[in-house]
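Asker: The residues making up each chain are set out below.
There are 2 protein chains.
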Amino acid sequence: MPRPELSLNFNPQSPFPVLFKEMRGFLGGVVAGTLSSIVAFGSYKILFGEDKPDLGQQDTGDKQVSPFHRDVLKYGSPDQGPSVRYYGNHVLSYNQAHKIPNWVIEKISAENTKGKANRKNVKFKPDPGVEELFTASNSDYLGSGWSRGHMAPAGDNKHDEQHMAETFYLSNILPQNLDNNAGFWNRFEIYCRKLTEKYPNVRIYSGPLFIAKRNEEDGKKYVKYEVIGQNEVAVPTHLFKIVIVENAKNNPVAMGTFIVPNEPISFQHHLKEFQVPLMDLERRAGARFLPKMNVNHVQDLCQVETCDLMKKTEFDLYFIGRRINNATNLNQLQKAWNELSQKSLEPDEYIKRKYKEKYDELSKKEGG
Amino acid sequence: MPRPELSLNFNPQSPFPVLFKEMRGFLGGVVAGTLSSIVAFGSYKILFGEDKPDLGQQDTGDKQVSPFHRDVLKYGSPDQGPSVRYYGNHVLSYNQAHKIPNWVIEKISAENTKGKANRKNVKFKPDPGVEELFTASNSDYLGSGWSRGHMAPAGDNKHDEQHMAETFYLSNILPQNLDNNAGFWNRFEIYCRKLTEKYPNVRIYSGPLFIAKRNEEDGKKYVKYEVIGQNEVAVPTHLFKIVIVENAKNNPVAMGTFIVPNEPISFQHHLKEFQVPLMDLERRAGARFLPKMNVNHVQDLCQVETCDLMKKTEFDLYFIGRRINNATNLNQLQKAWNELSQKSLEPDEYIKRKYKEKYDELSKKEGG
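Protein sequences, first through last, are from chains A and B. In terms of UniProt numbering, the first sequence has 193 at position 193, counting the first letter as 1, and numbering is strictly consecutive. In terms of UniProt numbering, the second sequence has 56 at position 56, counting the first letter as 1, and numbering is strictly consecutive.
Worth flagging that the hints you see were computed from the coordinates, not collected in a lab. Wrong hints could be hidden among the right ones.
[Unchecked claim] Computed list of lysine-lysine pairs in PhoX-like fashion (alpha-carbon distance at most 20 Å, straight line):
{"id": "1", "chain 1": "B", "residue 1": "Lys220", "chain 2": "A", "residue 2": "Lys74"}
{"id": "2", "chain 1": "B", "residue 1": "Lys74", "chain 2": "A", "residue 2": "Lys249"}
{"id": "3", "chain 1": "B", "residue 1": "Lys158", "chain 2": "B", "residue 2": "Lys292"}
{"id": "4", "chain 1": "A", "residue 1": "Lys224", "chain 2": "B", "residue 2": "Lys213"}
{"id": "5", "chain 1": "B", "residue 1": "Lys292", "chain 2": "A", "residue 2": "Lys224"}
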């Protein structure tokens, strides 16, 4: 069956007809999967994975393996590291070949995003749980032209300094275009945090993709990506997010799947332009992301929650507000304030209040 | 620590000094790994993988996961399929994103390579155990310019038709340069089979790699590879093999690790030119291939067993011998025989005998 090709330009014309087509493919797959559980194919054996276990990687356990296969694996099965790694507020799968995560999952609520944990107190560093041979280092990123992009964002972990520190482990980081990281992706993360004001739980899956592009010269398709530093850290061509919001009964209400190119994305583009059917992401990533969820029973996030990211003015104000809030001396405070007029921005009530509070605090401190 | 860069041209000057350097790095890694098992890093938890388990992917098992993490994985942990798949005579890890294997392991002995199983009786087909969304199809390869290259070779499974049929599942196949597949790689496989005449067990690990190359124009390194067909099957830039031979006590005697570009390789090149330290392969593939083997106690395969592949004359004779053996009528037989003089080859005793036997058999059959 030819699969519909996902258009990954900024303006896919109509993701939803594609979704329905893929849905039929999905049901076919379920039937085939069930059949293959029942029919034994000659001496072909899958000893695991007949039933979906609670966690993705199947339990092995020597007893299930035949003596012959145990002998084939005499020197151990090639070890790609733990399939799942657990942290204070996120769970991830790490790719030891790419030196970046495969996926990172968080569950956030309003309380996560509030608190005193400050990213200034923590540093990017290799994950102490990743073997040296397979880890990235800060020096790989240095001077590479790529920023260290969080998958589980620091800002989702303001309630706990240790949890925030763990988001700075390089296992949670990938080489991200700086403008994308500070701009569109940042606004996307803020959008996700904002959803916690309305929904008790917001679940976010984030990760990299390496997507092929057709070369016009020879008509062939190639995947091409840069690798940086001594450790050849892979620079993904795209990033993905799945966002699921839950109601007060902790049932899923709506979800959206997004694939965003790892490049600058201007304010002209709407998040909806990057929405894709879940199955497109799954095929590209080579994983079923929600094996225990019935995705047919949830609504489209962008229909329920608009998927409008912060506008430029709001975003600029947000950053100036942050700088005002983080100012440690009157000089810094004044610089941040002056930016308002430089950018012809009208301060909102929050910024005015913050400025005054900060001014009083710092004046006292500096003996002014 | 800057890592020595592996030269992947055809003539690396001296692989072994690199090996020793890497060994120091390895010991460092072991120490660090041990420390990280003892020291608890804040709330950082690795619930699995403290001890190397018998199989690569760590046991999960719900009980070990905290209620919080179980909640984060409420919709299931992203499912990349079984970490290990078992077949009659090979074991493999399948890459659902690339639609080719990550690695394939076989253990062969002299008996495997003898028998009546004939590749003409079996067909390439999608692995019935791989979900449709993640499988390659024959049509992906058709007209792509790439051949369907076996990782566990058909010729290692002559003792059992079913085992041979399983090597034709596309889970064991990757897009391979046709000349490489029929030429150098084939001679490499024959070399491995020949080792079974001397060693009771030969263990072979095979798989693809995607290796970065420096772009002279911008000085940056890129991984670039083609993807073929509707399913975007990844064409690896390189192939690897680890070969381990064992003595009568089933202890490892010698091993060699090889990385071969996925392109034509002429008879001028010796297998030794492609030998690399195991750790170089491991870093690139993102896996420890022999977690339960002490690689310091084994000899270098190419010192013990020369690593000389079949010379051109021998190889040509081998193929003509095969065609003589497989001839189903006198016309085919004569064509194969005529090739000897066309290629100015002197038939050896084996070919002369086979020709006579076949001539008698087919003459009788054709009533000649």
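Asker: Work down the list of hints and note, for each, if the structure agrees.
Answerer: Evaluation of the provided hints:
Between the alpha carbons of Lys220 (chain B) and Lys74 (chain A) the distance comes to roughly 40 Å, so the proposed pair goes past 20 Å and is violated. Between the alpha carbons of Lys74 (chain B) and Lys249 (chain A) the distance comes to roughly 14 Å, so the proposed pair stays at or under 20 Å and holds. A distance of roughly 30 Å separates the Cα atoms of Lys158 (chain B) and Lys292 (chain B); the hinted pair therefore is violated under the 20 Å criterion. A threshold of 20 Å between alpha carbons decides the hint, and for Lys224 (chain A) with Lys213 (chain B) the separation of about 11 Å falls inside it, so the pair holds.
Proposed proximity of Lys292 (chain B) and Lys224 (chain A) is contradicted: the alpha carbons are some 35 Å apart, above 20 Å.
Hint compliance for this structure: hints 1, 3, 5 are broken, all remaining hints hold.
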